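Trainee: Here is how the chains run, residue by residue.
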Amino acid sequence: MRFITMDVTKCVVCRNCEYACSFQQTGDFRREDSNIRVEYYDDVKICLPLTCMHCDDSWCLEICPASAITRNVKTGAIEINSERCAGCKMCILACPFGNIHFDKINMVSRKCNLCEGEPNCVSFCISGALQYTESKNSYQNNRQIFQRFIENL
Amino acid sequence: MAGSSEKKEHYTSMCRMCDNRCGINVYVENGCIVEITGLKEHKWNHGRLCVKGRLGVDLVNAPDRILKPLKRVGSEWEEIDLDQAYDEIAERIKKVQATWGNRAMGVWKGEALGFLTQEQLSRRFIHAIGSPNYFSNDSQCFVSRWIGYALVTGDWATQDFINSDCAVIWGSNPPYSQPNLTQSILKGRKKGGKLIVIDVRLSAIARQADEFIQILPGTDGALALGFARQLIEDDTICHTFIEKYTLGYETYARYVKEFTPERVEKETGIPAAKVVQLARLIGACRPRVCIYAGNGLEHHENGINNIRAIACLDGLLGNLDEVGGNFTAEKPNLRNISLYEEKPLRHLGPIGADKFPVLYDFRQECHTMSVMDTILNETPYPLKGMILGGANPALTNPNTRKVIKALKSLDLFVVREIFMTETAELADYVLPGATYLEQSELHVHPIHQIIGLSPEIVTFPDCDNEYIFWKKLASRLGVEDYFPWENKDALNKWLLKDTEITVEKLFNHPEGYEYKPRRFHKYREKELPTPSGKFEFVSSYLKKYGYPYLPEYIPPTYMNEPDPDYPYILVTGARKVFYTHGRNRNFKRCRTAIPGPDIEIHPIDAEKLEVKTGDVVTVTSTVGSMDIPVKVVHSSNILPGVTQITHGWKESNVNLITHDDRNDPISGFPLMKSVEVKIERKAVNVNN
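Chains as they are written, first to last, in this note's numbering: chain A, 66 to 218; chain B, 23 to 710.
Since the hints were made in silico from the structure, they are not lab data. Note that the structure is predicted; figures quoted are calculated from it, not measured. Positions of the beta carbon are idealized from the N, C-alpha and C atoms, including for glycine. Do not rely on the hints blindly, as some may be mistaken.
Residues of chain B placed beyond 10 angstroms of chain A at every Cβ, according to the derived structure [claimed, not checked]: (1) R76; (2) A84; (3) L208; (4) I490; (5) D637; (6) S647.
Listed below are the simulated DSSO-like cross-link pairs for lysine-lysine, each with C-alpha atoms no more than 27 angstroms apart in a straight line [said to hold, decoys possible]: (7) A/K139 with B/K62; (8) B/K544 with B/K353; (9) B/K634 with A/K110; (10) A/K201 with B/K430; (11) B/K65 with B/K510; (12) B/K510 with B/K598; (13) B/K365 with B/K353; (14) A/K201 with B/K30; (15) A/K110 with B/K653; (16) B/K62 with A/K110; (17) A/K139 with B/K672; (18) B/K117 with B/K427; (19) B/K377 with B/K424.
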């Protein structure tokens, strides 16, 4: 399976990923509609992109009382079926990373579905901070990134 | 997007939503462009695209596109037949020529319509009809950096960021201005290289800098000379390069002695110890040092000499034409279609060439600021007709009021555009332009030494491409011999004739065709293209015109002669992610994300002015005043006393208050980035 990895030493908070994701969802450039979120902390100059990691042991999937959350067998993505979603927000509470958000207009939870295996956020990431890589490479990649990041603090 | 693309026709091309020209996939369904994505194999962007690139779909299909020729009748627009438009325009050009002489006509090239050949075609046409008056956006953007570097090295090198040990981004914000350059810069850094960002604002790229240096506007020359002094003192300079390939080192080394770290601190606001530390960091990484000079260095009164001072660092570091340094790309041997050799016409007095001869010598650019005075005062001679394509000076040139007055007073003003811009509104005729997706053109990426060809993907009945436009007009003016090629394909073939590259080869290489493998240290075999053949720390050419021999530093006026009535320094032109200069404001989804203009203000200044984000202020310079909402930014983003307004907003047009007549004496570039202003809180209307 492939994951989206996020390099905090490359992100420049240009927000192309957020706009591209929002466009994919709604056709507009509204950051609130994006499934990927990028935080910038002015005081410490830290750039932090965050999106679903499609956990092996997915608490959101387990807790969903409507069985609306399933794993896509082809891409491995954890997906929310909005037809089934009851809008109870249990998944939002369960996600330890805050990677699920609530769509107040349609009253359903929203999260990344890896765009059927071609994630838009990655295609529109102009810094190279986001990569769509095999899981066996990604943990090494992440370790290296954080190692470097901590060394430079 | 993904999934259903199999049913669609697929083309590969290059993006022209900015000047980066990324490789793109274009998908067409039922004759309509429906999708644009990044082209994975392209050597420049590796499949990545910014959201601006995807906006090409909005551009080509925009409901507000001009698709019919328009003629002004009183205060109304009348749709007319395309042939009738050409006939009438040709007749009126003839009338201008007969009444005022050939040089009373001008052309003006913008950036909204084409790639490489567009400029050359405009130049060819205007010389063909006997006038030397070619204008473009370049006389206030890009070209002064080119000249600054060319005065020193004969060319403006490109940066081999990927292999660099130290990248210096000086006055530029690539994530917004050249999005996919960001990839290369950060790849180099990932390999252990250091990233230094020197800017007035904490830009997007500065967020990842190892060293972010917040400099006072327009003082960059002092910092560069201070670096030079420190490099020489520490003896971290490349002696072989200096001895064998440079001119004027001794004189230059004597001059830079004045720029002690303490003096640099006084001029630039950067602590003396920091200046020393940075110079040592750069010196230690030599020769694998990339220095990129951005648009932030232009638009100052001492612009060229500040840029020269930065360019001179290459001579000390020996990073010129070096792996991981400032690489001097070789160009493909394309044929030139401009007529400067065949029909130079300099004796006719190209506008601005008398006042700014360097601008004309180096780039054959007339001066777009002087032309407004020429139109209004008929000095040194009348200019009565202008054909402008894809530019919007009514928003992007300094001193908007004068620009509008001048363009309105032309006898004949023809604009070719995609949209009814603020400039098109002033025209006598507006002809529909063709976008980059509607014409086949050549383009070169120097850093990889690759060339590509964009195909004509769709067409619209009345939107003639660049070549056909000039050809049709030329045939009505009796100069059809200068446009003998049947169409753009025939022209492209002719341009490639002296190379081994063919149109077919280019279509088979959508990733970019390498016209020549990259070679380094070419100066060892062949002299540099400067008057002396050497790297010039000093310029006899400039001295001949009475300009400084050395890259002298003169502090900006706001420091030399501060005016208490205008206590704030206004910088203009910082880029926004969706917008290229005056363009894309008409796309609704961009407005969702960045709805309108603002003036960036430091929290200390906001407190002094008693304003908060969203309050409207009046900003006044000696040129004029304008109203704009405030955005109080984080204290790290901008220095107290310094403010920033992005250009290109009709509703708060910053060029109402920028200077067209305070110019860099060498390049003629206008003062737009260290403008003295006063800021006043706009009185709250009690009735609201």
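Trainee: Indicate, hint by hint, whether the structure satisfies it.
Mentor: Taking the hints in turn, this is what the structure says about them:
With a closest Cβ-Cβ approach of about 7 angstroms to chain A, B/R76 is found to fall inside the 10 angstroms limit, against its non-interface label. Distance check for B/A84 against chain A: the nearest CB is about 15 angstroms away, which clears 10 angstroms, and the non-interface claim stands. Its beta-carbon lying about 5 angstroms from the closest one in chain A, B/L208 breaks the requirement of being farther than 10 angstroms from that chain. Every C-beta of chain A lies more than 10 angstroms from that of B/I490, the closest at about 34 angstroms, which supports listing it as non-interface.
The Cβ of B/D637 sits about 21 angstroms from the closest Cβ of chain A, beyond the 10 angstroms cut-off, so the non-interface label holds. For B/S647, the shortest C-beta to C-beta distance to chain A comes to about 31 angstroms, beyond the 10 angstroms cut-off, and the non-interface label holds. Between A/K139 and B/K62 the CA atoms are separated by roughly 22 angstroms; this keeps the pair inside 27 angstroms, and the hint holds. For the proposed pair B/K544 and B/K353, the alpha carbon gap of about 13 angstroms is at most 27 angstroms, so the pair holds.
Pair hint B/K634 plus A/K110 holds up; C-alpha atoms about 23 angstroms apart against a cutoff of 27 angstroms. With a C-alpha separation of about 65 angstroms, the suggested pair A/K201 and B/K430 falls outside the 27 angstroms cut-off, and the hint is violated. Proposed proximity of B/K65 and B/K510 is supported: the alpha carbons are some 25 angstroms apart, at most 27 angstroms. About 34 angstroms separates the Cα atoms of B/K510 and B/K598, which puts this hinted pair outside 27 angstroms; it is violated.
Using a Cα cut-off of 27 angstroms, the hinted pair B/K365 and B/K353 holds, with the two alpha carbons roughly 24 angstroms apart. Between A/K201 and B/K30 the CA atoms are separated by roughly 35 angstroms; this puts the pair beyond 27 angstroms, and the hint is violated. Under the criterion of a C-alpha separation no larger than 27 angstroms, the hint pairing A/K110 with B/K653 is consistent with the structure, at around 19 angstroms. For a cut-off of 27 angstroms, the pair hint linking B/K62 to A/K110 is broken: about 31 angstroms separates their Cα positions.
Restraint check: the Cα-Cα separation between A/K139 and B/K672 comes to about 49 angstroms, which exceeds 27 angstroms; the hinted pair is violated. Taking the CA atoms of B/K117 and B/K427, the gap is about 22 angstroms. The hint holds against a cut of 27 angstroms. A threshold of 27 angstroms between alpha carbons decides the hint, and for B/K377 with B/K424 the separation of about 19 angstroms falls inside it, so the pair holds.
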